[in-house]
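From just these sequences and the hints, can you work out the full model?
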Amino acid sequence: MTESLRLAPFAPSGVVAFVEATSGQTLNDCYQCGKCAAGCPLARASDLSPQQVIRALQLGQPDVALDSRAIWLCVGCQTCVTRCPCEIDLPRVMDALRVWAMANRRAAAQREVPIFHRVFLKSVELLGRAYEIGVVGGFNTFSGHFFGSADLGWPMFVRGKLKPLPQRTRARGEVAAIFQRAEAMRARECAAAQRDAGGERP
Amino acid sequence: MTAYAYYPGCSLHGTALEYAKSTEAVCRALGIELKEIEDWNCCGASSAHTVNPWLGHGLVARNLQLAHATGLKELVLPCAACYARFKETAHALGDPATAARIEEVAGGDVPRDLAIEPLLKIVVEPERIERIQSSVVRPLTGLKLAPYYGCLLTRPPDVAQFDDPEDPQTLDQLMRVLGAEVVRWPGKTACCGSSLALSRTDVVLDLSHQLLAWAEAAGADAIVTACPMCHSNLDTRQGQMRRSGRGDHKMAVYYFTELMGVALGLGLSELGIHKHLTDAVAPLARVPAAAGN
Numbered sequence: 005m006t007e008s009l010r011l012a013p014f015a016p017s018g019v020v021a022f023v024e025a026t027s028g029q030t031l032n033d034c035y036q037c038g039k040c041a042a043g044c045p046l047a048r049a050s051d052l053s054p055q056q057v058i059r060a061l062q063l064g065q066p067d068v069a070l071d072s073r074a075i076w077l078c079v080g081c082q083t084c085v086t087r088c089p090c091e092i093d094l095p096r097v098m099d100a101l102r103v104w105a106m107a108n109r110r111a112a113a114q115r116e117v118p119i120f121h122r123v124f125l126k127s128v129e130l131l132g133r134a135y136e137i138g139v140v141g142g143f144n145t146f147s148g149h150f151f152g153s154a155d156l157g158w159p160m161f162v163r164g165k166l167k168p169l170p171q172r173t174r175a176r177g178e179v180a181a182i183f184q185r186a187e188a189m190r191a192r193e194c195a196a197a198q199r200d201a202g203g204e205r206p
Numbered sequence: 189m190t191a192y193a194y195y196p197g198c199s200l201h202g203t204a205l206e207y208a209k210s211t212e213a214v215c216r217a218l219g220i221e222l223k224e225i226e227d228w229n230c231c232g233a234s235s236a237h238t239v240n241p242w243l244g245h246g247l248v249a250r251n252l253q254l255a256h257a258t259g260l261k262e263l264v265l266p267c268a269a270c271y272a273r274f275k276e277t278a279h280a281l282g283d284p285a286t287a288a289r290i291e292e293v294a295g296g297d298v299p300r301d302l303a304i305e306p307l308l309k310i311v312v313e314p315e316r317i318e319r320i321q322s323s324v325v326r327p328l329t330g331l332k333l334a335p336y337y338g339c340l341l342t343r344p345p346d347v348a349q350f351d352d353p354e355d356p357q358t359l360d361q362l363m364r365v366l367g368a369e370v371v372r373w374p375g376k377t378a379c380c381g382s383s384l385a386l387s388r389t390d391v392v393l394d395l396s397h398q399l400l401a402w403a404e405a406a407g408a409d410a411i412v413t414a415c416p417m418c419h420s421n422l423d424t425r426q427g428q429m430r431r432s433g434r435g436d437h438k439m440a441v442y443y444f445t446e447l448m449g450v451a452l453g454l455g456l457s458e459l460g461i462h463k464h465l466t467d468a469v470a471p472l473a474r475v476p477a478a479a480g481n
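Residue numbers (my numbering), protein chains in the order written: chain P, 5 to 206; chain D, 189 to 481.
These are calculated hints, taken from the structure and not from any lab test.
Result set (BS3-like, lysine-lysine): computed pairs, CA atoms no more than 25 Å apart in a straight line:
id: 1; chain 1: D; residue 1: Lys223; chain 2: D; residue 2: Lys261
id: 2; chain 1: P; residue 1: Lys39; chain 2: D; residue 2: Lys376
id: 3; chain 1: D; residue 1: Lys332; chain 2: D; residue 2: Lys438
id: 4; chain 1: D; residue 1: Lys309; chain 2: D; residue 2: Lys376
id: 5; chain 1: D; residue 1: Lys438; chain 2: D; residue 2: Lys376
id: 6; chain 1: D; residue 1: Lys223; chain 2: P; residue 2: Lys167
Here are the simulated distance ranges between beta carbons:
id: 7; chain 1: D; residue 1: Glu221; chain 2: P; residue 2: Asp200; range: 51 to 57 Å
id: 8; chain 1: D; residue 1: Glu221; chain 2: P; residue 2: Trp158; range: 35 to 41 Å
id: 9; chain 1: D; residue 1: Thr329; chain 2: P; residue 2: Thr30; range: 49 to 55 Å
id: 10; chain 1: D; residue 1: Pro299; chain 2: P; residue 2: Ala154; range: 39 to 45 Å
id: 11; chain 1: P; residue 1: Arg48; chain 2: D; residue 2: Glu221; range: 43 to 49 Å
id: 12; chain 1: P; residue 1: Gly28; chain 2: D; residue 2: Gly295; range: 19 to 25 Å
id: 13; chain 1: D; residue 1: Glu458; chain 2: P; residue 2: Gly141; range: 30 to 36 Å
id: 14; chain 1: P; residue 1: Gly38; chain 2: D; residue 2: His462; range: 44 to 50 Å
Beyond 12 Å from chain P on every Cβ pair, some chain D residues (computed):
id: 15; residue: Gly219
id: 16; residue: Val325
id: 17; residue: Ala477
Here the structure is a predicted model, which is why all the values come from computation and not from measurement.
Virtual Cβ for every residue (Gly too), placed ideally from N, Cα, C.
As structure tokens, then:
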């Protein structure tokens, strides 16, 4: 269950500027109607509701958002943006917060989620495609949930749904180059935001 | 024969192989030629855009370049999740400044003129739905279905540009054409928990259990979907729901292409229907056999 949010007075923040620039959203457009929270399938598992995440950013306190489980639990179901009377694309705001958090190696309140993303993307970077056994094995190893989903392994394997060997993209160099160029662009944007914020703590 | 560039996506080559088999079989039967794009890569799924939006766009952009190289004008995707990523990038390409950066990451021009369509939309085009109607040899009479669209086929509406985001109808209409009965239920566009399957399995089990319970309460015999992620969470995890005390479900979850294939008289093994973790063959016993069989 979410509780009422306790916030300090407004402070300007480079992180908020980064989030607005990366998401393309104007956070002050939100007048806190709560329609997003009403339809959010993850709200009951979360600490902050979606409009509380926005509120924290409006008041210049990104740490409240960055330290929440909410930003990691959002799966991008797009219900909130579909219903928002101000047309705020909340999933993009959540993406921008996660990009900042991961780029700055902040501890995630739901640590399993960024572990999953990193392992999944490592498969794509190395092979060009998702390799299920590798992703599950990697996730279980790095998260410490050693037998997670193990009960599904054999039934899926015998049905041919888990392939022992990975599928691959032949031109893996092309995929790897996309990873490199995308990383360079992201690093440039994060550095610029930090510069604008005058060396603020990431 | 009408030809389309075809992006199956990673799931259809693995966990959703019955979606691939039934898609290919049904398209063959309907004279739809699918030309799989050469050497495609993963679209980045739910992970790439979360770590770095430019990575998400870059991975999709390479596939758009490859689709363009086929010379075909339409790209068809069976997977709702891949479809959403492709449409997101196509939408982003509409802004010149963003497009320039996507092309920088992609390392070259990215085509803007491809029509990107979900497979579900292709099969219900007017002349095709007429052909389906006249080709049904085994109407799905007696089968009550809960049509499940999930999140990404229709949302957000200005990006997905498909059907209605709150009360979509395409699957409903297609299933009625096949002879099935369609139930009204509250889960049509609710979320199954998606990519939290590994990282927060408990959340996925809660949400997917709720969907199955809603479908049962509405009197459905089975759920029909167009998304491998939804299918995986709903079909594969019913044993975990039972063992964790959430609920005892035995509900088949079909891809719409499987049910199209059944109605068109194709063989169950050709469609991959025996590949489900929750028995999907038994509910078809209530459907009368094809005339002449």
